[in-house]
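S.K.: The residues making up each chain are set out below.
Protein chains: 4
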Amino acid sequence: MKKRIVLAYSGGLDTSVAVKWLAKEHDYEVVAMAVDVGQGGDFEVIRHRAIAAGAIAVEVIDARSQFANDFVLPTLFANGMYENKYPLVSSLSRPVIAHHLVETAKKYDAVAVAHGCTGKGNDQVRFEVGIRALNPKLEIVAPVRVWGFSRADSIDYAEANSIPIVATKDKPYSIDQNLWGRAIECGEMEDPWAPPPSDVYEMTVRTKSEPSEVVITFDKGKPTAIDHKPMDLVDIIDELNVTFGSYGFGRIDMVENRRVGIKSREVYEAPAALGLIMAHDALEDITLERDLAHEKAKLSHRFSELLYDGLWYSPLREGLSNFMEYTQQYVSGEVRLGLEPNRVFVSGRRSEYSLYDYELATYEKEDAFRHSDAEGFVRIWGLGVETWSRKQVNHD
Amino acid sequence: MKKRIVLAYSGGLDTSVAVKWLAKEHDYEVVAMAVDVGQGGDFEVIRHRAIAAGAIAVEVIDARSQFANDFVLPTLFANGMYENKYPLVSSLSRPVIAHHLVETAKKYDAVAVAHGCTGKGNDQVRFEVGIRALNPKLEIVAPVRVWGFSRADSIDYAEANSIPIVATKDKPYSIDQNLWGRAIECGEMEDPWAPPPSDVYEMTVRTKSEPSEVVITFDKGKPTAIDHKPMDLVDIIDELNVTFGSYGFGRIDMVENRRVGIKSREVYEAPAALGLIMAHDALEDITLERDLAHEKAKLSHRFSELLYDGLWYSPLREGLSNFMEYTQQYVSGEVRLGLEPNRVFVSGRRSEYSLYDYELATYEKEDAFRHSDAEGFVRIWGLGVETWSRKQVNHD
Amino acid sequence: MKKRIVLAYSGGLDTSVAVKWLAKEHDYEVVAMAVDVGQGGDFEVIRHRAIAAGAIAVEVIDARSQFANDFVLPTLFANGMYENKYPLVSSLSRPVIAHHLVETAKKYDAVAVAHGCTGKGNDQVRFEVGIRALNPKLEIVAPVRVWGFSRADSIDYAEANSIPIVATKDKPYSIDQNLWGRAIECGEMEDPWAPPPSDVYEMTVRTKSEPSEVVITFDKGKPTAIDHKPMDLVDIIDELNVTFGSYGFGRIDMVENRRVGIKSREVYEAPAALGLIMAHDALEDITLERDLAHEKAKLSHRFSELLYDGLWYSPLREGLSNFMEYTQQYVSGEVRLGLEPNRVFVSGRRSEYSLYDYELATYEKEDAFRHSDAEGFVRIWGLGVETWSRKQVNHD
Amino acid sequence: MKKRIVLAYSGGLDTSVAVKWLAKEHDYEVVAMAVDVGQGGDFEVIRHRAIAAGAIAVEVIDARSQFANDFVLPTLFANGMYENKYPLVSSLSRPVIAHHLVETAKKYDAVAVAHGCTGKGNDQVRFEVGIRALNPKLEIVAPVRVWGFSRADSIDYAEANSIPIVATKDKPYSIDQNLWGRAIECGEMEDPWAPPPSDVYEMTVRTKSEPSEVVITFDKGKPTAIDHKPMDLVDIIDELNVTFGSYGFGRIDMVENRRVGIKSREVYEAPAALGLIMAHDALEDITLERDLAHEKAKLSHRFSELLYDGLWYSPLREGLSNFMEYTQQYVSGEVRLGLEPNRVFVSGRRSEYSLYDYELATYEKEDAFRHSDAEGFVRIWGLGVETWSRKQVNHD
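Protein chains in written order, with full-length UniProt numbering: chain A, 1 to 396; chain B, 1 to 396; chain C, 1 to 396; chain D, 1 to 396.
Hints listed in this document are in silico derivations from the structure and should not be mistaken for laboratory results. Possibly wrong hints are sitting among the right ones.
Since the list gives no way to pick one copy over another, a pair counts as held whenever it fits inside one copy or between any two copies.
[As the list claims (entries may be wrong)] Capping the alpha-carbon separation at 35 Å, the derived lysine-lysine pairs in DSBU-like fashion look like this:
id: 1; residue 1: Lys208; residue 2: Lys107
id: 2; residue 1: Lys85; residue 2: Lys298
id: 3; residue 1: Lys3; residue 2: Lys208
id: 4; residue 1: Lys365; residue 2: Lys106
id: 5; residue 1: Lys365; residue 2: Lys24
id: 6; residue 1: Lys2; residue 2: Lys365
id: 7; residue 1: Lys3; residue 2: Lys365
id: 8; residue 1: Lys222; residue 2: Lys2
id: 9; residue 1: Lys85; residue 2: Lys220
id: 10; residue 1: Lys137; residue 2: Lys107
id: 11; residue 1: Lys137; residue 2: Lys220
id: 12; residue 1: Lys169; residue 2: Lys365
id: 13; residue 1: Lys220; residue 2: Lys169
id: 14; residue 1: Lys298; residue 2: Lys169
id: 15; residue 1: Lys208; residue 2: Lys222
id: 16; residue 1: Lys106; residue 2: Lys222
id: 17; residue 1: Lys298; residue 2: Lys229
id: 18; residue 1: Lys222; residue 2: Lys24
id: 19; residue 1: Lys137; residue 2: Lys365
id: 20; residue 1: Lys365; residue 2: Lys85
id: 21; residue 1: Lys137; residue 2: Lys106
id: 22; residue 1: Lys137; residue 2: Lys3
id: 23; residue 1: Lys2; residue 2: Lys106
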């Protein structure tokens with residue numbers, strides 16, 4: 001009896017070739033699994049392609065709601081941005097796909113799972129570390145890392161093996177997309193001095209110029225309504241991708257540090273992600289106490305690093321999520337965003353639990369702050385450096 | 001013989017009243033000191049006002065170059081932003097003014113210094129902690145914190161004492177400005193839900209809409225040229241304030257945590273600061289090694305917090321500056337910025353010392369990365385969480 | 001009708017004088033409240049002293065179990081040590097006393113509370129910040145900070161007002177004690193070069209010299225048995241104070257940084273605290289995954305700092321406690337401690353959930369580690385610094 | 001013409017076999033290099049063994065002073081302890097040996113270097129990452145990781161190839177030693193519950209019981225004298241190893257997290273290291289300002305982690321060393337240590353630059369602290385949590 005393997009299948013060239021390659025060169029029965037994380041595309045087409053490539057079965061899983069609520073939302077709680085710029089688009093979809101690889105392997109009694117990542121990217125790390133954390137007994141096969149095919153080789157292999165593909169030998173960009181954003185790599189952008197060609201952008205092509213305003217409601221850190229209309233999280237993200245994107249907002253162009261020791265130039269589009277993080281952060285500005293806010297900001301770096309580095313399933317990520325979730329209990333209220341060409345910005349925030357205290361903050365006559373306390377405060381606050389000055393800097 | 005005091009003098013209502021008040025109520029000889037940190041205005045007018053208010057002498061000090069090179073630049077090295085948003089505009093001018101208060105006190109043999117800050121702001125902390133770190137023996141007087149005058153009271157006091165002022169009892173905004181930006185407080189913005197009135201903006205009124213590009217050159221972290229034209233730092237900042245501001249870029253609207261325990265709503269304009277920090281950060285992306293970059297980003301929070309909290313003159317700030325300066329030794333190169341309405345963005349970066357390695361990063365055939373190393377790397381990288389899974393999560 | 005005040009009453013000179021002083025000089029009805037946190041002493045004597053000093057009522061509260069379980073235990077979870085040396089003895093009792101001040105004020109319908117701390121210590125901060133976090137409406141009176149009495153003045157006041165006291169004008173040390181340890185200040189130790197006189201020690205006088213062993217059982221981070229005999233936490237701490245103390249173990253001599261900007265020399269005895277933290281930490285070494293352990297160690301500093309600085313009742317402390325509690329879910333098992341003169345040390349640790357994996361760790365033939373993975377791991381692990389070397393250090 | 005390789009040679013079984021193996025199986029000319037980092041032993045014997053095993057040349061390098069001053073001292077500045085317990089004994093010798101491998105390779109025109117580490121330890125990481133940071137062009141060979149010999153296989157290979165060795169097939173412990181301490185692994189200690197056999201200890205066998213005292217002088221963080229007698233650093237460490245060790249002080253028994261993802265049980269002896277770190281830390285307690293001390297303590301974790309993980313030669317380690325060196329400028333003075341059986345403890349510390357201020361700290365009548373400042377300080381210090389309490393916790 002043949003061994004079974006579950007392959008994370010996208011419908012593209014590499015994973016189509018991998019179906020055949022795993023069956024032919026390694027004698028596996030291949031189950032192709034496609035997970036909908038909001039990348040768009042026609043899953044029926046994908047299903048047929050997998051069968052045509054030789055899969056014995058195809059699983060199509062709609063994970064959009066799970067992705068939004070169990071992966072994106074905890075990351076929004078943390079205002080998660082790798083290297084302060086990248087909202088962790090692909091870093092977040094890999095663990096949900098890893099989860100379904102493990103579940104599907106169980107369902108099909110498979111002994112192994114496979115993914116289509118190369119040997120120099122981050123996604124191999126995210127898949128393999130995630131899979132081993134979920135089920136250390138599964139074997140993991142990474143065909144693309146093993147076979148050493150160039151793109152042309154893959155196309156030749158497909159043709160030689162009658163795999164139906166839609167690909168040309170010259171493919172300028174590599175794209176990964178989900179609800180939370182879109183990543184674009186390769187081509188002339190491999191020179192980090194070259195501006196990205198304008199045709200790389202799809203979600204952030206500006207079509208509007210009239211200023212407008214959007215109000216987002218949060219409940220314990222979770223976006224729950226747009227302009228007071230309650231919506232579920234998937235729909236909120238979908239709608240804000242369109243709304244913010246239509247103002248040309250949401251582009252990121254950066255050189256980032258991969259876990260495997262190299263720097264790479266990446267271009268992203270993430271209108272909803274950037275806008276929601278901005279709004280969420282602004283609501284936290286009025287609902288988180290200072291020390292809590294400052295420590296949370298520092299921990300956000302570590303949280304984001306873990307996600308980027310493939311450690312979603314790890315005790316430290318879980319522990320930090322516990323902390324982050326604690327911080328959200330009063331992050332309820334509304335944020336007003338202004339929209340102008342190329343810019344989305346916060347113009348107002350309010351909350352039933354706001355720590356902004358007009359009577360303490362105002363310079364008007366309602367002022368409740370005890371100014372006389374300040375003199376003592378400032379003297380004691382500075383006593384350490386005053387002593388340093390007397391005893392060390394001006395020591396004689 | 002009368003005791004002398006040096007007052008940090010702005011030419012505005014409060015410090016004009018303070019000249020008289022210190023002389024009349026506290027029997028001081030008052031030396032008025034005005035420091036040019038790029039706030040604009042006519043210092044001859046200020047000089048005459050001080051004399052008219054009763055100062056025995058006026059010192060006008062051009063500190064723009066010192067401010068840019070000794071205070072702004074080390075902060076740019078750190079990409080210093082308080083609460084990840086505010087580029088520390090006023091936090092940076094206070095220590096340079098404190099320095100000159102102490103120097104001027106020495107020159108005039110004064111026993112005390114004075115400032116015009118209230119009891120609930122950050123600037124009193126910055127002045128007093130800074131002054132005590134520089135000369136713990138000087139007395140410090142804070143007339144505004146003591147006298148408890150409303151704005152109307154101050155105007156009445158000025159009139160009663162023949163102090164020439166240009167002020168009305170209704171003054172909507174409180175402004176502080178220097179080379180690095182402009183801060184606007186009070187008025188209807190004290191409601192953090194209310195959008196700032198459009199008339200609060202001066203530096204970021206959009207006058208241009210045609211896309212353009214600016215190239216900034218850095219040498220060891222220091223901006224040295226615009227579009228390859230060498231310029232000194234003061235001129236670079238001045239020019240970029242105009243250039244970026246003319247695209248409507250550079251606004252900040254936030255609720256921040258003051259050191260004295262309250263939250264306040266603040267609006268800033270800082271076109272050059274935001275643009276230079278963005279460009280500098282992008283150059284660091286290709287010139288700083290990953291671990292160094294990540295630790296520097298975490299320390300940047302602490303660095304910014306210290307500046308905000310009045311601890312420029314402190315051993316920790318100096319120690320962190322040593323670290324930050326070390327990190328800048330290879331931050332030399334160029335950054336290409338795109339300018340569009342309301343947006344300035346990085347579109348390219350290059351450096352002789354770039355750690356971006358095309359041969360490691362490319363997916364083309366020049367690829368020098370050893371893909372076979374990845375399998376072992378990923379297994380060992382995930383061994384800790386694999387063990388956690390086996391021994392704890394799936395323990396039975 | 002007179003206003004009521006609740007005073008944290010120790011039975012000592014200062015708080016006895018404070019009872020009378022609050023009644024006589026400020027016209028309060030004084031309720032004296034004594035909280036048993038394991039400091040020892042006869043609470044009936046204390047009760048009578050309070051009445052004799054003029055209290056209208058006395059509350060004696062046994063808070064030992066609450067102190068151990070709700071304050072000491074969460075701190076043990078964090079291995080809490082201020083400045084890596086001090087197990088937060090007094091920092092932990094203040095918040096529990098603050099809690100009872102607020103509760104007792106409610107019970108007696110009091111408008112104010114009072115404590116006997118001076119103006120330069122940490123305890124005033126802990127009391128007042130804690131009280132305001134629990135009930136911002138209560139007034140707080142700090143008689144000792146206000147009256148400016150020397151010790152001799154207090155004794156005179158006591159005599160003049162017929163307050164029965166047991167005190168001499170020369171009192172060498174100031175002591176604060178509870179379950180978690182004992183703090184000794186003042187006297188000749190105010191010179192940080194002078195060794196503490198041997199008579200300052202009470203809990204750590206060595207009476208044993210024969211080596212022995214103690215096994216401590218933990219369940220989810222909580223000590224639950226000594227030598228396999230289940231005991232409650234108060235009893236475990238009490239017994240270990242005696243056992244470890246009898247070997248002369250548990251002394252701390254340090255100069256610490258107070259929150260109010262000064263350094264002070266402090267001597268502590270904390271045999272149970274130091275031994276339990278050591279044992280708990282050793283159990284964590286086998287039950288916490290590396291990244292979790294390292295981040296926890298860093299956060300432990302911040303946690304300890306908050307406690308020391310009076311911020312037990314704060315959202316950041318609560319958030320960090322959430323994190324710390326998460327980390328304890330597998331910290332179950334046993335630690336073997338060796339006892340020798342002046343030394344308690346870990347000599348063994350085991351856990352059902354141990355992440356120590358003999359087959360991965362051993363150099364014997366059971367070795368399950370894939371040595372061949374190492375080469376790739378090491379190359380990728382060092383790729384960043386290799387690139388740094390090629391492109392920057394050895395740049396030409 | 002044959003290729004040359006430089007092997008880090010210890011004189012033990014594995015590296016003796018490696019000389020022959022590299023020559024015979026890989027056709028290298030082998031240069032054996034032995035570095036004296038204070039491990040003891042007779043280097044003439046080692047020299048002869050290397051020749052007998054087939055080396056074409058032997059280099060013996062006395063690196064003790066370099067090791068002490070350039071590697072140990074910067075680590076002492078940081079109070080470097082991995083996982084708060086291990087003073088980085090072997091972590092520190094590897095980079096100095098890596099340095100000499102690279103230098104010797106240059107001298108002999110070798111194309112490769114080799115070390116005798118296994119595939120599951122930390123030392124392979126330290127050697128290889130260090131070597132690649134110093135000279136990325138050198139090939140690195142790790143015979144022990146490649147050949148897969150058991151101890152018995154190695155002995156057989158030695159006998160078959162006439163390599164003179166002094167080894168039995170049963171070797172209970174693996175030892176690594178240098179000036180800064182001694183590491184003992186393997187044998188029955190691979191069970192982390194088992195106490196280490198008493199015969200594993202050599203440096204900490206107690207021979208003294210009479211209490212005594214030692215005074216150590218530091219100059220800018222560097223130990224410069226014992227009991228006021230100036231000595232160089234190597235001699236200070238040597239002498240303190242004997243003095244402290246003779247009281248039975250200096251043992252560490254821990255389970256640590258290796259970089260390669262496994263936990264291992266390690267026993268160390270490090271009398272001088274532990275005593276010097278304790279003394280240095282105590283001197284910092286009086287010479288470092290609070291904020292500086294607290295941040296330094298947090299960064300010490302990261303510094304130690306880098307060393308442990310093989311990243312001595314890295315820009316982050318260099319940057320942190322810059323910070324650490326800055327902090328030492330006033331760390332000059334004396335520390336008094338008490339010695340008793342099994343215990344070395346700080347009993348006094350003093351410095352010309354001490355920030356301990358008797359007049360601020362004392363409760364005697366010289367008290368210079370302004371108690372009245374405290375009330376305002378405490379109120380403002382707690383204002384954030386007071387607002388949290390009013391607006392969130394007790395919100396209604």
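S.K.: Let me make sure I understand: some of the numbered hints might not hold for this structure. Which ones are they, in numerical order?
M.R.: Violated hints (numbers, rising): 1, 3, 8, 13, 14, 18; every other hint is consistent with the structure.
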